[in-house]
Amino acid sequence: MNRKTELTLGPVLYNWSPERWRDFYFEIADEADVDNVCIGEVVCQKRAPFFAPHIADVVERLERGGKTVIHSALTLLMSQQDLALAKSLTAEEGFYVEANDIAEVADLKGRPFAVGPFVNCYNEGTLQWLTDVGATRVCLPAELPMDAVAAIASRATIDVEVQAFGRTPLAISARCYHARSRDLHKSGCEFVCGEDADGMVVETLDGKPFLTVNGTQTQSYTCLNLVSDLTTLRDLGVGAFRLHPQAIDMVAVARVFRAVLTHNLTPGEAMADLEDLWTQSPFSNGFLKGVEGVKMVAGAE
Amino acid sequence: MGKLELVCPAGTPAALRAAVGAGADTVYLGLRDATNARNFPGLNFDRQELSEGVEYAHARGAKVLLAINTFPKAGEPEPWHKAVDDAARLGVDAVIIADIGVAAYAAEKHPDLRRHLSVQAAASSAEAINFYVNEFGFKRVVLPRVLNVPEIAVLNSQIDVETEVFVFGGLCVMTEGRCTLSSYVTGQSPNMRGVCSPASHVRYEEKGTQLISKLGDFTINSWGQNEPAGYPTLCKGRFSTGGEASYLFEEPTSLNIGMMLPELAAAGVTALKIEGRQRGKAYVEEVVRNFRQAVDAMDTDTPFDTSDLERLAEGGRSTSGAYKKAWA
Numbered sequence: 001m002n003r004k005t006e007l008t009l010g011p012v013l014y015n016w017s018p019e020r021w022r023d024f025y026f027e028i029a030d031e032a033d034v035d036n037v038c039i040g041e042v043v044c045q046k047r048a049p050f051f052a053p054h055i056a057d058v059v060e061r062l063e064r065g066g067k068t069v070i071h072s073a074l075t076l077l078m079s080q081q082d083l084a085l086a087k088s089l090t091a092e093e094g095f096y097v098e099a100n101d102i103a104e105v106a107d108l109k110g111r112p113f114a115v116g117p118f119v120n121c122y123n124e125g126t127l128q129w130l131t132d133v134g135a136t137r138v139c140l141p142a143e144l145p146m147d148a149v150a151a152i153a154s155r156a157t158i159d160v161e162v163q164a165f166g167r168t169p170l171a172i173s174a175r176c177y178h179a180r181s182r183d184l185h186k187s188g189c190e191f192v193c194g195e196d197a198d199g200m201v202v203e204t205l206d207g208k209p210f211l212t213v214n215g216t217q218t219q220s221y222t223c224l225n226l227v228s229d230l231t232t233l234r235d236l237g238v239g240a241f242r243l244h245p246q247a248i249d250m251v252a253v254a255r256v257f258r259a260v261l262t263h264n265l266t267p268g269e270a271m272a273d274l275e276d277l278w279t280q281s282p283f284s285n286g287f288l289k290g291v292e293g294v295k296m297v298a299g300a301e
Numbered sequence: 001m002g003k004l005e006l007v008c009p010a011g012t013p014a015a016l017r018a019a020v021g022a023g024a025d026t027v028y029l030g031l032r033d034a035t036n037a038r039n040f041p042g043l044n045f046d047r048q049e050l051s052e053g054v055e056y057a058h059a060r061g062a063k064v065l066l067a068i069n070t071f072p073k074a075g076e077p078e079p080w081h082k083a084v085d086d087a088a089r090l091g092v093d094a095v096i097i098a099d100i101g102v103a104a105y106a107a108e109k110h111p112d113l114r115r116h117l118s119v120q121a122a123a124s125s126a127e128a129i130n131f132y133v134n135e136f137g138f139k140r141v142v143l144p145r146v147l148n149v150p151e152i153a154v155l156n157s158q159i160d161v162e163t164e165v166f167v168f169g170g171l172c173v174m175t176e177g178r179c180t181l182s183s184y185v186t187g188q189s190p191n192m193r194g195v196c197s198p199a200s201h202v203r204y205e206e207k208g209t210q211l212i213s214k215l216g217d218f219t220i221n222s223w224g225q226n227e228p229a230g231y232p233t234l235c236k237g238r239f240s241t242g243g244e245a246s247y248l249f250e251e252p253t254s255l256n257i258g259m260m261l262p263e264l265a266a267a268g269v270t271a272l273k274i275e276g277r278q279r280g281k282a283y284v285e286e287v288v289r290n291f292r293q294a295v296d297a298m299d300t301d302t303p304f305d306t307s308d309l310e311r312l313a314e315g316g317r318s319t320s321g322a323y324k325k326a327w328a
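Taken in sequence, the protein lines are chains A and B. So for the first sequence, my numbering puts the first residue at 1; every next one is plus one. So for the second sequence, my numbering puts the first residue at 1; every next one is plus one.
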């Protein structure tokens with residue numbers, strides 16, 4: 001696809017306060033050089049009502065800022081409440097919805113929709129089928145190595161997006177580990193996940209940081225960073241890169257990624273800038289390099 | 001209500017014979033490659049063994065399911081397609097599929113080959129299940145281990161397809177098919193390579209009086225001298241949050257709902273699945289024999305003693321998992 005490579009801001013994965021959530025998106029709308037912005041609760045249905053009153057304002061502001069709004073839907077659908085939240089998006093014909101569970105694909109079939117990273121699109125067979133039922137873009141699973149990304153992107157007739165920045169979602173569960181860590185039941189969770197703006201760090205018994213818990217979702221402790229591989233991936237046919245929001249200056253993060261795509265920053269300079277912006281944990285790119293996801297393999301270009 | 005079907009693991013031809021001999025209605029198995037989710041050294045079947053296994057089982061009235069339940073590597077779908085072709089050719093009773101591309105292939109090339117939806121497809125709602133059924137003609141769905149029994153009953157009233165549930169053995173606490181924890185630590189993907197917490201990446205180290213178990217570069221657990229050490233399955237490890245150590249995700253227990261079979265039958269479940277293709281034939285024989293007795297006992301209204309099953313559970317500890325949702 002011979003056009004501008006896009007940057008997509010993924011949905012806020014954490015339980016930020018409604019005001020913080022709104023102000024974050026307002027700032028993105030006004031200042032961030034990104035093409036697509038995902039909004040919506042993808043981790044835990046219980047969080048959605050809190051920021052719901054701000055959605056209309058956020059959408060309006062993002063559209064005024066020239067962004068395409070993608071409504072990201074919930075990852076694991078089990079309860080009637082989960083299904084109702086998903087339906088509240090898929091039933092809106094004017095919404096461009098990103099499916100993160102196959103039940104949402106079922107609802108969206110026959111109209112243009114996006115496929116999120118939590119739907120297992122591992123290969124061209126699945127991609128073809130999703131394309132046939134209406135998908136117009138797909139964000140690939142984080143664990144795909146470079147050769148798999150290449151094999152998919154080279155055969156794709158829709159936009160292929162790769163996750164390029166932020167703590168990587170690794171697993172989803174019916175159980176809430178934020179609640180469990182405080183001896184709380186999920187139904188009486190007291191929304192303790194709201195205390196950790198970048199997730200709750202999990203350490204091994206010998207004190208080594210390992211994972212990050214975000215309610216029912218488990219993420220990497222490391223921060224995914226593919227800034228050194230952007231141009232390689234673009235040349236392979238990847239049309240967009242996803243930046244997962246962290247509680248740092250995401251406008252600046254987007255600026256760095258854009259500058260690499262427009263050749264105004266070298267990957268080395270970009271890496272140095274990102275190291276200043278994200279100081280909580282090391283970077284990683286191991287999944288793309290076909291090794292342990294936790295690892296950072298140097299030297300791409 | 002028909003009698004519950006007992007679906008039993010066969011990691012080797014010997015385990016297949018043991019399971020059939022102990023009363024399995026059905027055995028499930030995989031080929032010796034990345035097309036199945038128990039791709040461990042020394043396990044699984046080559047084509048000849050599969051053919052003989054099918055013949056052996058069929059001669060004794062048992063069925064054989066072939067698990068083709070990983071996600072094909074992009075650009076190289078041939079081994080998965082060939083597995084489907086061979087299942088049809090060798091008379092396998094059904095294939096267990098997770099990937100949409102493989103499902104589409106099987107439905108197109110072998111419409112008469114019965115298809116079961118793998119737990120790895122993570123179809124956790126009636127909407128998702130009906131979708132797979134309508135699009136690809138699945139006849140049975142293996143339910144994710146995230147639902148409790150009342151939820152399963154509601155689900156069965158909303159779908160027009162058989163359900164199979166796990167009743168015994170290893171227990172995923174993360175939604176199956178949607179977990180890359182092991183991949184993050186070992187570089188080997190459960191979804192793509194069929195291995196979780198592989199032995200090749202496990203190490204045990206002595207540190208003073210403690211025995212440390214590691215997966216890749218990370219400590220998964222640590223035991224004192226009098227504590228029995230276990231295998232470092234990542235999600236069953238002991239970790240620390242806010243300075244406090246705990247089994248954050250799940251204790252090192254395994255699933256056992258041998259005492260809940262009447263409730264599962266009442267919830268409309270068709271088949272009971274025993275996990276453990278990585279287990280030896282003696283274990284398989286004993287577990288299957290116990291479950292055979294448990295299912296048969298349902299016809300006579302005599303309560304079944306599950307104490308043998310408690311003993312067989314991993315580490316001697318078992319849980320009802322999501323089926324009772326004590327944590328919800």
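Incorrect hints may appear among the rest.
[As the list claims (entries may be wrong)] Ranges between beta-carbon positions, derived for each pair:
1. B:Gly-75 - A:Gly-110: 22 to 32 Å
2. B:Asp-217 - A:Asp-183: 44 to 54 Å
3. B:Asp-85 - A:Ala-247: 47 to 57 Å
4. A:Glu-27 - B:Arg-47: 54 to 64 Å
Calculated from the structure, these hints are not laboratory results. Even glycine gets a Cβ: it sits at the ideal position worked out from N, Cα and C.
Which numbered hints does this structure break?
Violated: hint 2 alone.
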